[in-house]
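2 protein chains.
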Amino acid sequence: MTDQVKLYGVEVSPFVARAKIALNLKGINYEFIQEDLDNKSPDLLKYNPFLKKVPVLVHNGNPISESLVIIEYIDEIWKGVPIMTKDAYEKAQAQFWAKVIDDKCHPAVLKAILSHGEEQAVAEADEQLQFLENELKVKGSKFFGGDNIGLVDICVGYTIFWVGAAEEALGIELVAKDKFPKITEWSDNCINCQVVKDGLPTRESLVAFYNRLFGKAE
Amino acid sequence: MTDQVKLYGVEVSPFVARAKIALNLKGINYEFIQEDLDNKSPDLLKYNPFLKKVPVLVHNGNPISESLVIIEYIDEIWKGVPIMTKDAYEKAQAQFWAKVIDDKCHPAVLKAILSHGEEQAVAEADEQLQFLENELKVKGSKFFGGDNIGLVDICVGYTIFWVGAAEEALGIELVAKDKFPKITEWSDNCINCQVVKDGLPTRESLVAFYNRLFGKAE
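Sequence lines, in order, name chains A and B. To convert, count from 1 in the first sequence and add 2; that's our numbering. To convert, count from 1 in the second sequence and add 2; that's our numbering.
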C-alpha cells in the first residue's frame, strides 16, 4: 500500500515548517492542505479537537498533532536519513535544547518583535540568545549535533528567517547579528540546506504576514 | 560498572515525582538530593545552567534536564518494564496527551488553585478537564494507554493528589469529583500503584507547602 500523507498547516507557521522539513528530509511525498485559522476546516477540528491547532499530520487516516511529536513519529515510521541519534544521551541533549529554545528563546524574541523592538524586551531576548550562542561556541559544529542535520536544526535552526522578515516589516534590527556570530553561522548553515529551504515560506509572504500583523498596509 | 544515579529535586514538585516514578518502575537505586530553590546548590547550577530548574537526573556524571526528556532517557537506558510503547502511533498519542495535559489542563487547574477557587478560573479548569474526561471515557482502560502503566500515567496520572492537598489547605473544592468520574477513577488507579505511591510526597508535606504558599500559619 502506498502511504497517504497529508499535512494541515499554514505557510507562515514555523511549527508547520518543522513537519515539512522532516518530511522533506525523509523524501516523503505529501499533500499540503492550507488552513484558514480564522475559519478552521471541519477536517482540522475533527483531527485535533482538543487544541484545534496546526500542524496536523494525517498518515493513512491517523492524525498526529504537536510538531515535536510529529517529527519523532516521522523519524520512527520512515527510516533512511535519521533525525534522532541512536545514542540515548545525545538524543536527550537534543530534546532538551529543542524544548528550551522553544520555551525560553522563542517567547523572548517574539516579545521583542511584538513590542516593535522595545529596549527592555530586546535586552531580555539578547540574554536568552546569549546562552544559545555560548552553547554553539562549545559545540563548534556545522549543525547543532554535528556534521549532519538533526532534531534541533529541524526544530529551530532557521527561525532567524522569521526574525529577519519581522525586522524588514518593522524597519529595525531586533537581533544584532554581530553579537551572535555563532547563531548567525548556524542559521545560515540550516537555511542553506535544500530540505530546509523547501520547507520555508517565501520571504515575501512572511514580510506580508508581519505587515498585516503590525497593521501596515501591504 | 555499577550505575551511579542521582536525582536533584524538591519533594513537592510533580515534575520531580515523574522522574522518581520512572526510576521506581525500572527498579533503579538512586540518590535523591533535596534542593533548596531559594538557595540553589552549585551542583544544580552546574548541571542545568540555562534553566536552573529541577528535576535534574545525573547518570554516571551526565546531567539530563526536563522531566519528559528524563523519562524517555530512563526508558531507553534501562530496559525491563517499558514506559513507551513500541508502536509509533500509540507512542505519538501518549506524547501528545502528556504534552497537552501539561500545557492546557495543568495551567488551568493551577490558576484555579492560585485564585483560591475564583468562579471564572474554576469554570475554565472544568472546561479543560472535560476534554480529558471525554478521552478517558473513550479509552475505558485502567491506565491511560491500556492495562499497564505508561507515559501519560507517569507524567500526569496522579496530579489530582496535588489538587486534593491544595483543596485541603484552602478548605474548598476546586475539582468537582462527581463531574469527572473517569478522571477520578484513573487517578485512583495511578495513585494506588506502588511505584507511583513511592514517588509521591506525603499528603502532610504537600498541605504544609500549600499553607506556606497561601501565607497561612502552619
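It should be emphasised that the hints constitute simulated quantities derived from the structure, not laboratory data. Just to be clear, a hint being listed does not mean it is correct.
If chains are identical, the list can't say which one is meant, so a pair holds when it fits in one copy or spans any two.
Said to hold, decoys possible - List time: in silico BS3-like cross-link candidates among lysine-lysine, alpha-carbon distance up to 27 Å:
id, residue 1, residue 2
1, K144, K48
2, K106, K54
3, K184, K55
4, K141, K218
5, K101, K88
6, K139, K54
7, K184, K81
8, K28, K101
9, K106, K81
10, K8, K113
11, K144, K55
Each hint, compared with the structure:
Proximity of K144 to K48 under the C-alpha cut-off of 27 Å is restricted to the inter-copy arrangement: shortest distance 26 Å between copies versus 41 Å within a copy. Taking identical chains as interchangeable, the C-alpha atoms of K106 and K54 lie at most 27 Å apart whether they share a chain (24 Å) or sit on different chains (12 Å). For the identical chains of this complex, K184 and K55 are inter-copy neighbours only, at 26 Å across copies versus 33 Å inside a copy, given an alpha-carbon limit of 27 Å. Taking the shortest alpha-carbon separations for K141 and K218, neither the intra-copy value of 41 Å nor the inter-copy value of 48 Å comes in at or below 27 Å.
In this assembly of identical chains, K101 and K88 lie within 27 Å of each other by CA distance both inside one copy and across copies; the values are 19 Å within and 23 Å between. When the C-alpha separation of K139 and K54 is checked against a cutoff of 27 Å, the pair qualifies only between copies, where the shortest distance is 20 Å, while the shortest distance within a copy is 39 Å. Proximity of K184 and K81 under a CA criterion of 27 Å is satisfied in neither setting, with 31 Å inside one chain copy and 38 Å between copies. For a Cα distance limit of 27 Å, the shortest separation of K28 from K101 qualifies both inside one copy, at 22 Å, and across copies, at 25 Å.
Taking the shortest Cα distances, K106 and K81 never come within 27 Å of each other, neither inside one copy (31 Å) nor across copies (33 Å). Taking identical chains as interchangeable, the C-alpha atoms of K8 and K113 are never at most 27 Å apart, the minima being 32 Å within one chain and 37 Å between chains. For the homomeric pair K144 and K55, neither the shortest alpha-carbon distance inside one copy (33 Å) nor that between copies (29 Å) is at most 27 Å.
The structure fails to meet hints 4, 7, 9, 10, 11 from the earlier list, while all remaining hints are met.
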